[in-house]
Amino acid sequence: MLTINNIEVIYNDVILVLRGVSIKVGEGQIVALLGANGAGKTTTLKAISGLLHAEEGKVTRGSIDFENEQIDKLTPDQIVARGIVQVLEGRRLFRHLSVEENLLTGALTRKDRNAIINRDLEQIYHYFPILKTLRKRTSGYLSGGEQQMLVIGRGLMSRPRLMMLDEPSIGLAPMLVQEIFEIIRKINQETGLPILLVEQNARIALDVAHYAYVMETGRVVLDGTPAQLAQNEDIKEFYLGMTQVGERKSYRDVKHYKRRKRWLG
Amino acid sequence: MAVLRPSGDFDVSYRQDMALIRYPWHWVLILATILVAATAPLWGNAYVVTTINQIAYTVIAVQGLNILTGYTGQISLGQAAFMLVGGYASALLATYWGAPIWLSLPLAALITGLVGLIFGLPSLRVKGFYLAMATLAAQFIIPWLTRHTFKDYLGGSDGQISVPMPTLGPIVFDSAEKFLYLSLVALLITTVIAFNISRTRLGRAFVAIRDNDLAAELLGVNLLGYKLRAFFIAALFAGIAGALRAHSERSIGTELGYNLNESILFLGMLIIGGLGTNLGPFLGGVTVIILDDVALQFGQFVAALFPAYSSNVLTSFRPIFFGLVLMLFLIFEPRGLAYRWTLIKAAWRLRPFSR
Amino acid sequence: MNWVLVPQQIATGILNGGIIALISLGVVLIFKSSEIFNFAHGHLLMLGAYVTWWFAGGNQDGTEVFNLPLIPAFLIAVLVAIVVGLLIERFALRPMTGQPLLSIVLMTLGLALFIEGVVSLVFGVQPSAVFPSPFSPSAVFRVPFPGAMGGFIILKKTLVLSFGAAMLASIAFALFFNFTKTGLAMRATSEDHELARSVGLNVPRIFGLSWAIAGVIATVGGILLAMLTGASLNLSTVVLVAFPAILLGGLDSFLGAIVGGITVGLVQALVQASSNIEVRNSAEIAPYVVLLIVLVIRPEGLFGQKRIERI
Amino acid sequence: MTRPVHLSVKNVSLSFGGTKALHNVSFDVYQGEILAIIGPNGAGKTSMLNCMTGFYRPDEGSITFDGHEITTTPPSKIAGLGIARTFQNIALYTGLSTLDNIMAARHIHFKYGMWQSMLYWVGGALKEEIRHRQRVEEIISFLEIEHIRKATVGALPHGLRKRVELGRALALESRVLLLDEPMTGMNLEEKEDMARFVLDIHERQNMTILLIEHDMGLVMDIADRIVVLDFGVKIAEGTPDEIKNNPEVIRAYLGQEHEILN
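For the record, the sequence lines run as chains D, Y, A and U.
Read in the numbering used here, the first sequence has 88 at position 81, and its numbers run on one by one without any break.
Read in the numbering used here, the second sequence has 96 at position 81, and its numbers run on one by one without any break.
Read in the numbering used here, the third sequence has -9 at position 3, and its numbers run on one by one without any break.
Read in the numbering used here, the fourth sequence has 258 at position 235, and its numbers run on one by one without any break.
Keep in mind that the hints were calculated from the coordinates and are not lab data.
Heads up, a few of these hints could be off.
Straight-line alpha carbon distances no greater than 30 Å define the calculated DSSO-like cross-link-like pairs of lysine-lysine that follow [as the list claims (entries may be wrong)]:
id: 1; chain 1: U; residue 1: K43; chain 2: A; residue 2: K294
id: 2; chain 1: U; residue 1: K43; chain 2: U; residue 2: K33
id: 3; chain 1: D; residue 1: K139; chain 2: A; residue 2: K169
id: 4; chain 1: U; residue 1: K267; chain 2: D; residue 2: K256
id: 5; chain 1: A; residue 1: K294; chain 2: D; residue 2: K143
id: 6; chain 1: U; residue 1: K267; chain 2: D; residue 2: K193
id: 7; chain 1: D; residue 1: K143; chain 2: A; residue 2: K169
id: 8; chain 1: A; residue 1: K294; chain 2: Y; residue 2: K142
id: 9; chain 1: D; residue 1: K243; chain 2: D; residue 2: K31
id: 10; chain 1: U; residue 1: K173; chain 2: Y; residue 2: K360
id: 11; chain 1: A; residue 1: K294; chain 2: U; residue 2: K100
Whenever a hint applies, use it, and build me the whole structure from the sequences.
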């Protein structure tokens, strides 16, 4: 349903950030995008959602197609109206609005009647019961986990047909990471909503995803199903932190700073 | 940006790395500028000399504002009012004590600095627009006080008093030409001070407050102490500028300006020149003062074309022109002329490989 | 204190405060929707007054182009204000997205200069004392009040009208912001532009809308004020009284704008009831003195939102 | 534990407008250890650091540093006493270069004042600047950030900014280092580098380190002891092995993760 064809992104007319990225998200799929910081994962998401324009970035080559329509020239609000919503990195919320108001901002672009929106609100509270108890609270005072649930909930409120999550696990406790990924999986299974996921925690991302891409310095260097990737020696060492014999290696044993290996390309 | 240097140019000591004047051509440029300004009486008319005097004290005021607003990030709408304090202080010291300029000017600066401290106190609690309003309060309260208190000394409803000619031993600065040397020396001193602040502990603490006040505090910068220092230094510079202006105009008071518009103009100069850069106050001050002149001439020209509307055109031309210049600068050159200057320098050094 | 003046001054102060409140509302509105403190609001107000005056044929020397009654002239002025608001947003503020606070402050100051220049070019620098008004300046209500001078409190009808308009406008705004979708979109946009974009809001349109509304409020305020004083370039300086009112009430609170406006009106009026001439003279700076005191005690103003700061 | 107590937290409680962020929390930090504080988001970990650095003032309880009461000491003074920290959301001085960021953190070690700043050449400012510059260069070379020495930090990638922030904390030459999620948002490779720096600082300078971190693998590997907070209450304290298998901690925090850790 979403196809990115060999796009190139340039910031400020000079800085080349993406150099030929092609990604596909199929119906009902969770697709994970892995890679180091600065590899261009977030830029890829912003290219899709149109948020690049506000940052002086441009898609200069290639195209992005969503449900057989080319969307890389559209503005962010037009893209949201087409059903693509991006949940920004870092649990960004409208801090001075209440929890429920934050959720409702997600539905501002919809033309549905209030009854339908309220039903969706109940649906969100069904996935995230804690938000219901906190609905009147000023969202800036929520804890990190609650904020992450809130921003995902807000994304769902726009009734998206593709949701993009940027680093949902960042700075969250292990339990919460598991909980949130369980919910992501559940949402995907129950509603068939396709999800494009950028994640630093490779283990959990590969656990929920149906397909994954690995990015390095602005291009895709590897892709495959989680099972295929988990067999790859480099993925094992650099993304999953395993030793040659398949055990978790200790951080105390890593002695050398510069042992960087790069994929050819 | 800072790493744009031609290859083969590297430093062998920290002292060298920290130096501000790096190349012979820097020295040439600086000395040439000083020489041109100092010989103005020889090559220019009285008007040119007066304009250079005006540029000198304006740049000093903007340098002060740059420390407070550019480096420390505290918006101030009161710089012109602080000039008023400095002007009055120096004038009164000279009139009633016969203080020579080398004494009255620094004392006036210190007094202004202390007044600045008082109006800096709200910065302990408020930031951003709220602080801008607190300084706006200074911009109203100080001129009001000069009109309504100590009327015998400050001129009361006349709104001005006359200021004696400054003296230095046997020298009496009785002409714009002589005064020029006083302003240039003062400007040189404030420039050196401003440069030194920007490269030392003090300047780094100021920028730390601007960029992240909470982190600065948790890393050992006493917020109130340093914000107050910034207010003090800004007012100190305003005091010097005000004293110079008072002595060169031979009178001081609210009738002569020192109002909100001037404070805003100073901010405009800072933005046009380059906020938080050492060169900014110079570029901004010189540009705006010269533009002001151009606006005046051009306005007269346009007014002559439409004689029926000449009075309307004459009064409206300046605000329209300045409003436009300011807006266009903010849109097309938001980082100021100083930034453009570094780009030009970089292009020059990388020649012939630059685009 | 000249006690016999006090009841009258309190009444006048509250009514004057209403106008200050109305002006403050326009500034608060822009701030709430885009985090921009609009220093040019006073100039929009002056522009609105002049445009109305021009369409209503205020010259009365036979040179006027239009000679419309007040209401149609007012409606045209409102249309002009909407267009001006949209133009300002599109050409002055939209290019400033992402610039630091100070640059945006200066942009509004540059706008203020520009508008002032244009108004003086088009309408001249001479104040136009004759301004069309439904009431003559001497039309008053007399409210019996024992202890006041002459046993009456005198209320100018124009003042009462503007007070009523201010109250209505503020109630309307509070309802609009808290209970409509557009209001929510505006509140959201003011907090985080990128985030607002990511949830699909058309941020430029929201800014345009708030500038258009602010232009309308300014025009209403300008007309009400001009009925009292006539149209002149000095109209723009009333914002200097509104600024302390806004911060007293809290930059982002409509209720605060009202309370702040009335407080400032009262302070000014009461200072003028003093028997000491120097105290009376301090009416122009009294709001700022009060402001300084309030800022030190309660930095976010009386009703302002406390900023959530985390590290 | 035979090492002397360095920082001591006793019965600290803190609340914001009715909600309890910390409730009667006590623990000691010993000289030269790496102590990790873990717990769910909102458990009060960062609030705890904020109390220790004077940014928040606890409602009850006390915090002592080398026996001195610092509960009510202002933040800028605490930095001078020898407690340095990094921040959860990077809090660098974005307009300054890497070098100046770290120099700015030397602030507390400078002796000269405002007037000497203005005079620079006379009064010793220049000499002192050079002396501190030397120290800062050592930190820069230790963290391997020479190549970005003069780059403005606002434009650096996340991982490098985290490293500059560590450098800034080191420049305080404190005796205790409080690291608030120093590895957040890093991939494995970057985490490994960062862990190495932290361990090196610990070993070479015998630095006492207090670490908040969510990567349990990392915490278990490098921490000597762990304190677990949940809803502002301390629910466990002990060695990594004890914590890993503590049922209360598994319930409140680790979940299935403990299977991977063992």
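Status of each hint after checking the structure:
no., hint, verdict
1, K43/U <-> K294/A, "holds, 19 Å"
2, K43/U <-> K33/U, "holds, 16 Å"
3, K139/D <-> K169/A, "holds, 21 Å"
4, K267/U <-> K256/D, "holds, 17 Å"
5, K294/A <-> K143/D, "holds, 17 Å"
6, K267/U <-> K193/D, "holds, 28 Å"
7, K143/D <-> K169/A, "holds, 17 Å"
8, K294/A <-> K142/Y, "holds, 12 Å"
9, K243/D <-> K31/D, "holds, 24 Å"
10, K173/U <-> K360/Y, "holds, 17 Å"
11, K294/A <-> K100/U, "holds, 26 Å"
No hint from the list above goes unmet by this structure.
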